[in-house]
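> In the order they appear, the protein sequences are chains A and B. Numbering of the first sequence is given in this note's numbering, commencing with residue 1 and proceeding in unit increments. Numbering of the second sequence is given in this note's numbering, commencing with residue 1001 and proceeding in unit increments.
In short, the hints are calculated from the structure, not lab data. Please read all numbers here as calculations on a predicted model, not as lab measurements. All residues carry an ideal CB built from backbone N, CA and C; glycine is no exception. Incorrect hints may appear among the rest.
Reference listing, derived: stretches of chain B covered by chain A, where coverage requires no fewer than 3 residues with Cβ under 8 Å from a Cβ of chain A [what the hints assert, rightly or not]: (1) 1230 to 1239; (2) 1472 to 1485.
Some chain A residues judged to face chain B by a derived CB distance under 10 Å, without partners named [said to hold, decoys possible]: (3) F15; (4) T22; (5) E32.
Pulled from the structure, derived: some chain B residues nowhere near chain A, Cβ distances all over 12 Å [as the list claims (entries may be wrong)]: (6) E1345; (7) E1359; (8) D1449.
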Amino acid sequence: MSIPSQIRRYILENFLFTDDETRLRDDASFLEEGIVDSTGVLELVMFVEETFGIEVADEEILPENFDSVERLTRYVEAKLREPVFAGAEAVAVW
Amino acid sequence: MMRLVHHFLEQSAERFPDKVALVCDGRRLTYAEIEEQANRLAHGLRARGLQRGDRVAVWLPNSAEAAVAIFGALKAEGIFVVLNATTPTGKVARILNNCTASALVLPARQSEDARFLQQAVPSLGTVILCGDAPSPAELPGLRWEDVLGAAPPTRPPCRTIDVDLACLIYTSGSTGDPKGVMSTHANVVFATGSIIQYLENTPEDIVINVLPLSFDYGLYQLLMVFRFGGTLVLERSFAYPAAVLRRIEEERVTGLPGVPTLYAMLLQMNLSPFDLSSLRYMTNTAATLPVEHIRRLRARFPWVRFYSMYGLTECKRVCYLPPEELDRRPGSVGIPIPGTEVWIEDESGRRLGPGEVGELVVRGSHVMQGYWNDPEETARRYRPGRYPAERLLYTGDLFYMDEDGFLYFVARKDDIIKTRGEKVAPREVEEVLYRLPGVVEVAVVGVPDEILGQAVKAFIVCGNGVRLTPQDVLRHCRAHLEDFAVPRSVEFRESLPKTPSGKIDRRALLTPSPEGPGEG
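Chain A with its partners taken away, still in its complex shape (with noise of 0.2 Å):
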């Protein structure tokens, strides 16, 4: 499944509870449109650590990079990006 498709099935089974595509905007605001509560970023937070393999920073969990299925997506997809740990490069050529 892709990263969108799995972000958006977490946040439509565990914060509105429902299989309906239709009540999930990719750019609506989690937080404006009152999809996840304030307690429910740390719940999304730990879904995309999980899920994703990824390890959030503190100061990461900003509402640009967490707000809304897309801005998340995005978010994601930059850090699987990013090299693991600053060696990675010098350990593939060995």
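Starting from the known structure of chain A, fit chain B onto it as the hints suggest.
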């Protein structure tokens, strides 16, 4: 003289016209600008028939428009009522009918809600819509810009005096029905003055408010800042703690009012990327902060004055712990706020001494007027005092005091749940659950939670052959309850434990069941 709540804005607009009063959504508004917009709104409301003492409902997220609407309603001789942006429309209708609101301000994207409320609330005359609308052609009301644009910027004449009501603040009661606490201008002027005194606020203070303006703790940040002429940084929520911390750094914020959930979130974070040196004080109220969290906050913010406080909407604030006492009495919520007194009584009305647990009773000019249109509930909480017309507030909370008169919260007398700093009446959630087909019996309790303080949990017994999933239950709850009142967990049971008199035994539900938890 500052006799009326809107004088806070008017006097600051005279003293500091060009000073930034409000930072919100990337906008910076000066006192003069807010004063002018509030004047325009007041004229607009009066021109459309608003009468002295009429209720003006503000159903907006934290925003500049919400601040303008609050002061505009007062300048129009009205009474403002702020409603939480996450309150479901059905409940908003009940509240608007309870206070027979004449005017409503809400976001234009909620046009459908506006249409529904125009049908459901007969008293509603004026509906004003803020912001962008999906289909501007057929708006079910007036546009905010049009109302303000057509009205003069001058201060309208105002006949209000300080015994008139300034606001109704709706709060959860144990019956589950929302109750509107009536505050006069004199109540608010007194309470804000007392709190500003012990927080030692000056015009140099920059306060960040992440709490909803529908909540008295959030609302009073706006009112107090405008009174002392400071700057308010208004945020939607604290859903993104890093964004809040960045704002504190950018705006050089000096005051952070928080609730235990916010502090629990901060304590889990790496704070090193942020420069928080501008913070002068932090406050906590709404629910008890664990002593361990206080200790850790002290260690991480050694330069900050930390105020542990306690209060309830019915009198705004009861007590505060002077920061210099924090290390000596970390579990205490302190002494009565300046100009007020409290004592502790047993069931027979006898005043108790140090170490004895009883109900906390409050006396002072901050004791509000009771609940709108609810004499029964009012008589239960507000009882006659020493002099005619004086009322005492019976808090319904159990306390004791130490030898020096410092207060310690023990427990609530009722079963209200405090989650994320918000009050949830189990009965309100239970009534919503009973409306779900197939549900036979329910009990809603608060279970301890590291972040939320208490988390709402629902125990449900289904009818024979009924298959409900936790998702079915939660979807139904989301449609009928505020977000914080939606249960965090659902447990299905074959039956619920009963007391000898046949009532559901909540205490037994809070201890783990012998047969182990069900699904969910």
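> Now tell me if each hint is right for this structure.
Outcome of the hint check:
Check result for the region 1230 to 1239 of chain B against chain A: holds, 4 residues qualifying (beta carbon to beta carbon below 8 Å, three or more required). Counting residues of the region 1472 to 1485 of chain B whose beta-carbon sits less than 8 Å from any beta-carbon of chain A gives 6, enough to reach three: the coverage restraint holds. Because the smallest distance between the Cβ of F15 of chain A and any Cβ of chain B comes to about 8 Å, under 10 Å, the interface hint for this residue holds. For T22 of chain A, the interface hint is violated, since its Cβ never comes within 10 Å of a Cβ in chain B; the closest pair sits about 15 Å apart.
Using the Cβ-Cβ criterion of 10 Å, the hint placing E32 of chain A at the interface with chain B is satisfied: the shortest such distance is roughly 8 Å. No beta-carbon of chain A comes within 12 Å of the beta-carbon of E1345 of chain B; the shortest separation is about 37 Å. Its beta-carbon lying about 32 Å from the closest one in chain A, E1359 of chain B satisfies the requirement of being farther than 12 Å from that chain. Here D1449 of chain B does not stay apart from chain A, with its beta-carbon only about 9 Å from theirs, under the 12 Å limit.
In this structure, the hints that do not hold are numbers 4 and 8, in rising order.
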